[in-house]
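Trainee: Build out the structure end to end from the sequences listed, making use of the hints.
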Amino acid sequence: MASDCTTDTEFLKKLTVLYVEDDDSARAVGSTLVSRYCGEVLTARNGSEGLNKYRTHQPHIVITDVDMPIMDGLAMAEEIRKEDRTVPIIVASAYEQLHLLKRAIEVGVDTYLAKPFTRTSLSDTLVECARRLRGESERRHGEKRLLDTICEAFRKLFCIVELCPSALVIANSNGIIEFTNRSFCTLTGYGADEFVGKSIAELNSRAGLPALCHDISATIAAGGIWQGEIYSRRKDGASYWEYTVISPLCDESGRVASYMITLEDITVKKQLTGILLPTAVEDPTGRLAGGLVHKLDNVLSVINGYGALLKLAPELAEESQEYVKMILTASAQASTLTHDLLLYCKSARGQLPGLLK
Amino acid sequence: MTERVLFNKDEMLENMDNDTEFMESILEDSMVALVSYLDNLQALFARDDRGGIHILAHTMKGVAANISAPALRDVCLKIEDASHGGDFETAREQLPELAEVITLTVAAIKNSVR
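Here the protein sequences line up with chains A and B, keeping their order. My numbering puts the first sequence at residues 1 to 357. My numbering puts the second sequence at residues 1001 to 1114.
Worth flagging that the hints you see were computed from the coordinates, not collected in a lab. Backbone N, C-alpha and C fix where the C-beta goes; we use that ideal spot for every residue, glycine too. One thing to keep in mind: the hints can contain errors.
Said to hold, decoys possible - Only pairs whose alpha carbons sit at most 30 Å apart, straight line, appear in this in silico DSS-like list of lysine-lysine:
hint	chain 1	residue 1	chain 2	residue 2
1	A	K295	A	K270
2	A	K102	B	K1078
3	A	K144	A	K102
4	A	K13	B	K1009
5	A	K144	A	K14
6	A	K311	A	K295
Said to hold, decoys possible - Quick list of simulated restraints, FRET-style, between CB atoms:
hint	chain 1	residue 1	chain 2	residue 2	range
7	A	E138	B	Q1042	39 to 49 Å
8	B	V1113	A	K13	22 to 32 Å
9	B	D1039	A	R131	26 to 36 Å
To be verified - Quick look at which bits of chain A chain B covers, simulated, 3 or more residues with Cβ under 8 Å:
hint	stretch
10	18–25
11	109–123
Mentor: Set out below in structure tokens:
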């Protein structure tokens, strides 16, 4: 129930009360008075009937007499308490029955109301119950709002991680992979769940380098960051170079809670440094072209990465979204140009590929 | 008998949220019920229905409390306590007084709300 009321009395007006009393006269008086403070009053003539009505209607407050035929009020209260630890239960009885107070406390009754009610004693007791229920309602709403905020933050984070241009893998503290993002699938050709449940060592053994795996395991077991180049293999068997960083993520106590692994395809860079450099050394034009392509590639990585993140921003205006789309399209075209330029640099004959003509 | 309060109208009106109409409807029902309860109680004593006596005395005490009739409530309480303790002879001895107090209380109520 939403607690949008400014006072406990207003809140009480929205509540349903179950009033259990075997005496017709007392029930008529009690229920009429209660109805002046509460939203709805349900009545029952004994504990058994009261329990049934409680189960059917789930009232917010229960007021019950003690001495009743079939099932007394305390036995009913005991049964209700087994099913609901929070619903306020008020026992209404005569002063002569105060000796029942001990048993009432034992069964979890909240408060005791002496009969016959006075207007003040009844309204004070009901308002006190409403105050408690309102507080609980507001606490629950606060918790829900917090949970919604956390869920929304997680949803955004998940989108960012999922659509991040870098290949990402998350593993638990035992090194068991729990998540791989979309870019990982694009890079490796493996499905999103194919590595989930497997170890980091298995991830890095695609290239079949057991000695390297041992080095990785030893480093991360010591809490260190492992990074290095791996000549890896896609699912279809094609080889490529990847730059891998395995970072431990620690909890508040400093213990490793999980690992984040980023994988970057560095095949092009390796080709530039490993193949073009010898050419560049021999040819100043090739050196210049290789350097330009390398720098341009770095700039494009930044544009592509931040462009993709900007696209996810929910507050981005429609017009701005169009601009971001155009930036990303232009950036993709520029990436194609760098690849063509790379081919040109690699070409001993210096022939221009299609796009550069 | 004259020192005892038979009916406290102000107290009852206060307890009934100062709703005169509501108070009068409760009084009307209660007066009919009390007379009927007295007949039933006498019948229970005649049958020696001890469980029934205790329950009915308790109910009558509740009605008396609801209508702010302390003298009647006190007599009902004596019967309830005595029957609860198994002393049905003492409980039975209260019957004439109960009948008298009911008659006086009804008269006091009628006089008060007239």
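Trainee: Is the hinted range of 22 to 32 Å satisfied by the C-beta distance from V1113/B to K13/A?
Mentor: holds (31 Å)
Trainee: Do the alpha carbons of K144/A and K14/A lie within 30 Å of each other, as the hint requires?
Mentor: holds (21 Å)
Trainee: Next pair to validate is K311/A with K295/A; report whether the Cα-Cα distance is within 30 Å.
Mentor: holds (24 Å)
Trainee: Quick check: do three or more residues in the stretch 109–123 of chain A have a beta carbon closer than 8 Å to a beta carbon of chain B?
Mentor: Result for this restraint: holds, n = 5.
Trainee: Within the assertion that chain B covers the stretch 18–25 of chain A, do at least three residues meet a Cβ-to-Cβ distance smaller than 8 Å?
Mentor: holds (count 4)
Trainee: Given the hint that K144/A pairs with K102/A, does the C-alpha gap stay at or below 30 Å?
Mentor: Violated - the C-alpha atoms of K102/A and K144/A are around 37 Å apart, more than 30 Å.
Trainee: Given a hint of 26 to 36 Å, does the C-beta separation of D1039/B and R131/A actually sit inside it?
Mentor: Check failed, 46 Å falls outside 26 to 36 Å.
Trainee: So the hint says 39 to 49 Å: do the beta-carbon atoms of E138/A and Q1042/B match that?
Mentor: violated (56 Å)
Trainee: Sort out whether K1078/B lies within 30 Å of K102/A, counting only the CA atoms.
Mentor: Holds, because 24 Å separates the two Cα atoms, which is no more than 30 Å.
Trainee: Please verify whether K295/A and K270/A have alpha carbons no more than 30 Å apart.
Mentor: holds (14 Å)
Trainee: Hinted pair, alpha-carbon criterion (30 Å max): K13/A, K1009/B. Please report holds or violated.
Mentor: holds (29 Å)
Hint compliance for this structure: hints 3, 7, 9 are not met, and every other hint is.
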